[in-house]
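Read top to bottom, the protein sequences are chains A and B.
Take the first sequence: its position 81, counted from the start at 1, is 81 in this note's numbering, and no numbers get skipped.
Take the second sequence: its position 91, counted from the start at 1, is 91 in this note's numbering, and no numbers get skipped.
Incorrect hints may have been included.
One copy or any two copies: either way a pair holds, since identical chains are not told apart in the list.
Stated by the list, open to error - No farther apart than 25 Å at their CA atoms in a straight line, the calculated lysine-lysine pairs in the DSS-like style are these:
1. Lys135 with Lys22
2. Lys54 with Lys2
3. Lys136 with Lys2
4. Lys136 with Lys22
Please keep in mind that the hints were generated in silico from the structure rather than gathered at the bench.
Each chain, written out:
Protein chains: 2
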Amino acid sequence: MKTFAPRGTTEQIEEGRVFAPKFDADGLIPAIVADAWSGEVLMLAWMNDAALAKSIETCEAWFYSRSRGALWKKGETSGHVLRILEMRVDCDQDALLLRVEQAAPGTCHTGRASCFYRAVSLREPAGHTLVLQFKKAERVFDPAAVYGEPKKTEEQA
Amino acid sequence: MKTFAPRGTTEQIEEGRVFAPKFDADGLIPAIVADAWSGEVLMLAWMNDAALAKSIETCEAWFYSRSRGALWKKGETSGHVLRILEMRVDCDQDALLLRVEQAAPGTCHTGRASCFYRAVSLREPAGHTLVLQFKKAERVFDPAAVYGEPKKTEEQA
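If we strip away everything but chain A, and leave its shape as in the complex, we get (with noise of 0.2 Å):
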């Protein structure tokens, strides 16, 4: 049995009340998670479909690690859960946005509040090597407490 409703036209994809998501090649659909309050992007994560279905059902993010090949629950080792209060999906449903309260100051496994610290030069032609710049990088809490050593993978929970 599928978990989530059949693909429809493209009518009743954009403008139907039946959640039909679209899950890629690889069976993910990525979701986009901003923090509820302020509304800062915090990361991008990937989720399959027992993912969603899990984080529908516990209002609490779940999402699949690519690189380890697993279900993983945000918080699972910090205690840093994402509380969805919010989920929207898009116009042709293959993508989501998670509204989310954090029960930590920081979302990024660095340690920092968001995931995107860092500023891309623009204005500079393809080919040069491009500079990041550190913004609001500060770390808001020790990953190496939070998380122990060595220090883990960007999917670390």
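Could you slot chain B onto chain A? The hints should help.
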């Protein structure tokens, strides 16, 4: 010649000042688009290396259409260009966040301000058909007038 710097160690990728974006097996990287002024998440689209290079050079958003297999500039048809005020990259450099100024009130090809105009029911068990609720779903422009008939795909520029 590669357009962007090669990937380094995890430490270099996460804590370094060199932009070394990771493209997936199809040569694509996801780009979240948010309004620079309101912070609202508008859409998720994909870039290949050429789209990313053009976006950086011109400060206007270029994407890669997976359905059409072609580079496209947002606003090419509609005039709804997205001017990039800031581009962020995440910890592992496999996702982008564009903070943009919109040349028109709406970004979604359906005429809405954002592509994320429907919310998914939460606290529902898996296996049921889930209902979507329309949120801020009024049209801010007429897609037929902007794009003409017949209705175009979700990746209409």
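These are the hints, each one checked on the structure:
1. Lys135 with Lys22: Between. Shortest inter-copy distance 20 Å satisfies the 25 Å Cα cut-off; intra-copy 34 Å does not.
2. Lys54 with Lys2: within (14 Å within a copy, 40 Å between copies)
3. Lys136 with Lys2: For lysine 136 and lysine 2, neither the intra-copy (42 Å) nor the inter-copy (30 Å) Cα distance is at most 25 Å.
4. Lys136 with Lys22: between (34 Å within a copy, 22 Å between copies)
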